[in-house]
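The primary structure of each chain is shown beneath.
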Amino acid sequence: DSGVTQTPKHLITATGQRVTLRCSPRSGDLSVYWYQQSLDQGLQFLIQYYNGEERAKGNILERFSAQQFPDLHSELNLSSLELGDSALYFCASSVDPGRNYGYTFGSGTRLTVV
Amino acid sequence: DQQVKQNSPSLSVQEGRISILNCDYTNSMFDYFLWYKKYPAEGPTFLISISSIKDKNEDGRFTVFLNKSAKHLSLHIVPSQPGDSAVYFCAASAEGNTPLVFGKGTRLSVIA
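Going down the list, the sequences are from chains A and B. Offset between the first sequence (1-based) and the working numbering: plus 1. Offset between the second sequence (1-based) and the working numbering: plus 197.
No lab work stands behind these hints, which were simulated from the structure alone. No experiment lies behind these values; they were computed from the predicted model shown. For glycine and all other residues, C-beta sits at the position ideal for the given N, C-alpha and C. Be aware that a few hints might be false.
To spell it out: a stretch of chain B is covered by chain A in this simulated footprint if at least three of its residues, at any positions, have a beta carbon under 8 Å from a beta carbon of chain A; those stretches are [claimed, not checked]:
#, region
1, 241-247
2, 297-306
Simulated DEER-style distance windows between Cβ atoms [to be verified]:
#, chain 1, residue 1, chain 2, residue 2, range
3, A, Gln68, B, Asn254, 35 to 41 Å
4, B, Gly213, A, Asp72, 46 to 52 Å
5, A, Thr113, B, Arg304, 20 to 26 Å
6, A, His11, B, Glu255, 36 to 42 Å
7, B, His269, A, Gly17, 40 to 46 Å
Far from chain A by the CB rule (all over 12 Å, computed), these chain B residues [to be verified]:
#, residue
8, Gln203
9, Ser266
10, Gln278
Could you build the full structure based on these sequences and the hints that come with them?
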């Protein structure tokens, strides 16, 4: 157990629907990062939050949004889902947002859009 | 445009021999590099890192080498063990608050 909890582990939904992925960071970590891993692709950075504030944005689609709550858990909202959104979505957390000593990853949420 | 490239999708090595995984990067602002290991159905786990002020970092069986002029780093695993079979991701970060940029990964198979 890495200490980063992601729920649900698996999600199957239809095109056009909206889903919410949840992440609880490791105790003491203030930064949360979301990554997407599609087939044959590396981990693509989506967005980072630090202590409730958006800190950095990657190639995140406008249909996707995220937030970090006061208890530091984070949610990634995916709407108007398309077949191409099927992927593994990883959440990671770290103590220091300013210098990367390594992230701790959760085990991911596998999203299948049918 | 991929800033971190792992050009070998897979590598097969015999148990006890050396495994060498390679990674190239294009962004000259990167100054911190990490390797992650990923088993099926699990998230990536941090393995070893190196700062650009060094050219080598060692941790047990794992050594990372950095060649800044060539924008190239490699991970050496000696001796390789069957439990090392996993996907290895190279990642890089630029100074400041820049999230890690990952390569596509190399699948290592260590054959007993």
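Hints and how they fare:
Three residues within the 8 Å Cβ limit are the bar, and the region 241-247 of chain B against chain A gives 4, so the coverage statement holds. Against chain A, the region 297-306 of chain B contributes 6 residues with a C-beta closer than 8 Å to a partner C-beta. That satisfies the three-residue criterion, and the hint holds. In this structure the hint that A/Gln68 and B/Asn254 lie 35 to 41 Å apart at CB holds, the actual value being about 37 Å. Remark: the range hint 46 to 52 Å for B/Gly213 to A/Asp72 is upheld by a beta-carbon distance near 48 Å.
Between A/Thr113 and B/Arg304 the Cβ separation comes to about 22 Å, which falls inside the hinted range of 20 to 26 Å. As the Cβ distance of A/His11 to B/Glu255 is approximately 39 Å, the hint placing it in 36 to 42 Å holds. In this structure the supplied range 40 to 46 Å holds for B/His269 paired with A/Gly17, their Cβ-Cβ distance being about 45 Å. Listed as outside the interface, B/Gln203 is inconsistent with that label: its C-beta sits roughly 8 Å from the nearest C-beta of chain A, within the 12 Å cut-off.
With 12 Å as the threshold on Cβ separation, the claim that B/Ser266 sits away from chain A holds: the shortest Cβ distance comes to roughly 23 Å. The non-interface label for B/Gln278 is consistent with chain A: the shortest C-beta to C-beta separation is roughly 22 Å, beyond 12 Å.
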